[in-house]
Amino acid sequence: AQSVTQPDIHITVSEGASLELRCNYSYGATPYLFWYVQSPGQGLQLLLKYFSGDTLVQGIKGFEAEFKRSQSSFNLRKPSVHWSDAAEYFCAVGAEIYNFNKFYFGSGTKLNVKP
Amino acid sequence: DTEVTQTPKHLVMGMTNKKSLKCEQHMGHRAMYWYKQKAKKPPELMFVYSYEKLSINESVPSRFSPECPNSSLLNLHLHALQPEDSALYLCASSLDRATEAFFGQGTRLTVV
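Protein sequence lines correspond, in order, to chains A and B.
My numbering applies: residue 1 is where the first sequence begins, and numbers increase by one.
My numbering applies: residue 1 is where the second sequence begins, and numbers increase by one.
Do not rely on the hints blindly, as some may be mistaken.
[Claimed, not checked] Lysine-lysine pairs mimicking PhoX-like chemistry, simulated, CA-CA at most 25 Å apart: (1) Lys110/A <-> Lys22/B; (2) Lys110/A <-> Lys38/B; (3) Lys102/A <-> Lys36/B; (4) Lys61/A <-> Lys40/B; (5) Lys102/A <-> Lys18/B; (6) Lys40/B <-> Lys110/A; (7) Lys114/A <-> Lys61/A; (8) Lys61/A <-> Lys18/B; (9) Lys36/B <-> Lys49/A; (10) Lys53/B <-> Lys40/B; (11) Lys9/B <-> Lys40/B; (12) Lys41/B <-> Lys53/B; (13) Lys18/B <-> Lys110/A; (14) Lys40/B <-> Lys49/A; (15) Lys36/B <-> Lys110/A; (16) Lys49/A <-> Lys102/A; (17) Lys102/A <-> Lys53/B; (18) Lys114/A <-> Lys53/B; (19) Lys110/A <-> Lys41/B; (20) Lys114/A <-> Lys41/B; (21) Lys38/B <-> Lys22/B; (22) Lys38/B <-> Lys102/A; (23) Lys68/A <-> Lys49/A; (24) Lys41/B <-> Lys49/A; (25) Lys36/B <-> Lys18/B; (26) Lys22/B <-> Lys102/A; (27) Lys53/B <-> Lys22/B.
Calculated from the structure, these hints are not laboratory results.
Full structure from sequences and hints, please.
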């Protein structure tokens, strides 16, 4: 069965510090992987996605993620965090069903940024 | 245009009311989704329409009734809801199976 685990419920980092959010998935085939960000009361915005090819993917707002098949991981990184990055981050895996994806979301990691 | 538009943004309804949530996209996407999100929780899939046909119903109570009138529109009809149905309702769309989902800003529903 497909599942996504985000082991960190809350993370607090200082502004300017580096960030890594962890994501582990369980999926039988080659996964489609995503990171979404959500500000309070808002919808989800796509940060980046992995379908195939280069395992290091670049996204918006200076984020990147690395797909490691051997570890079933897709961790999100940013070298220098800005106060505006404070939000909830969701990792997701997309399972192909006919002509659409069924998306499985992790439980989310809330990022706080200290000034 | 890469937007999914949801209306209304906020809705307060009584337990005997009937209301509808609306979702619209003009990206040519053929899959559309309804998610329910409670506070501090991830989105929870409710329904998926693919090519205007209901493809997934995640055992959602019948007081929620989805409708896809055409490839750009998705509605969620609400009737006799309970206070525990209060949540953020998110609509999303995707082009096909090898693409990401685009989310709307959501409708904040409060059932009183």
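Checked hints:
As the CA atoms of Lys110/A and Lys22/B are separated by approximately 29 Å, the hinted pair breaks the 25 Å bound. For the hint linking Lys110/A to Lys38/B, the alpha-carbon distance of about 15 Å falls within 25 Å, and the restraint holds. Using a Cα cut-off of 25 Å, the hinted pair Lys102/A and Lys36/B holds, with the two alpha carbons roughly 15 Å apart. Note on Lys61/A and Lys40/B: the hinted pairing holds, with a Cα-Cα distance of about 23 Å set against a maximum of 25 Å.
The straight-line distance between the Cα atoms of Lys102/A and Lys18/B is roughly 29 Å, outside the 25 Å bound, and the hint therefore fails. Simply put, Lys40/B and Lys110/A have alpha-carbon atoms about 9 Å apart, close enough for the 25 Å limit, and the pair holds. For the proposed pair Lys114/A and Lys61/A, the alpha carbon gap of about 18 Å is at most 25 Å, so the pair holds. Proposed proximity of Lys61/A and Lys18/B is contradicted: the alpha carbons are some 41 Å apart, above 25 Å.
Between Lys36/B and Lys49/A the alpha-carbon distance is near 23 Å, which keeps this suggested pair within the 25 Å criterion. Of the supplied pair hints, the one linking Lys53/B and Lys40/B is violated, its CA atoms being roughly 31 Å apart against a limit of 25 Å. In summary, the hint linking Lys9/B to Lys40/B is supported, as the alpha carbons are separated by about 19 Å, within the 25 Å threshold. In summary, the hint linking Lys41/B to Lys53/B is not supported, as the alpha carbons are separated by about 28 Å, beyond the 25 Å threshold.
Of the pairs offered as hints, the one joining Lys18/B and Lys110/A is violated, with about 35 Å between alpha carbons and a cut-off of 25 Å exceeded. Distance hint between Lys40/B and Lys49/A is fulfilled; the C-alpha atoms sit about 23 Å from each other, no more than 25 Å. Pair hint Lys36/B plus Lys110/A holds up; C-alpha atoms about 19 Å apart against a cutoff of 25 Å. Of the pairs offered as hints, the one joining Lys49/A and Lys102/A holds, with about 15 Å between alpha carbons and a cut-off of 25 Å not exceeded.
A C-alpha spacing of about 15 Å is found between Lys102/A and Lys53/B, which places the hinted pair at or below 25 Å, so the restraint holds. Proximity of Lys114/A to Lys53/B is assessed by CA-CA distance (about 47 Å); at most 25 Å being required, the pair is judged violated. Taking the CA atoms of Lys110/A and Lys41/B, the gap is about 11 Å. The hint holds against a cut of 25 Å. Between Lys114/A and Lys41/B the alpha-carbon distance is near 23 Å, which keeps this suggested pair within the 25 Å criterion.
Proposed proximity of Lys38/B and Lys22/B is supported: the alpha carbons are some 19 Å apart, at most 25 Å. Only pairs whose Cα atoms come within 25 Å are accepted, and Lys38/B paired with Lys102/A is accepted, the gap being roughly 19 Å. Taken as a hint, the Lys68/A and Lys49/A pair is honoured in the structure, with Cα atoms around 14 Å apart against an allowance of 25 Å. The straight-line distance between the Cα atoms of Lys41/B and Lys49/A is roughly 21 Å, inside the 25 Å bound, and the hint therefore holds.
Among the hinted pairs, Lys36/B with Lys18/B is consistent with the structure: their alpha-carbon atoms are about 18 Å apart, no more than 25 Å. A distance of roughly 21 Å separates the Cα atoms of Lys22/B and Lys102/A; the hinted pair therefore holds under the 25 Å criterion. Simply put, Lys53/B and Lys22/B have alpha-carbon atoms about 17 Å apart, close enough for the 25 Å limit, and the pair holds.
Hints 1, 5, 8, 10, 12, 13, 18, counting from the list given before, are not met by this structure.
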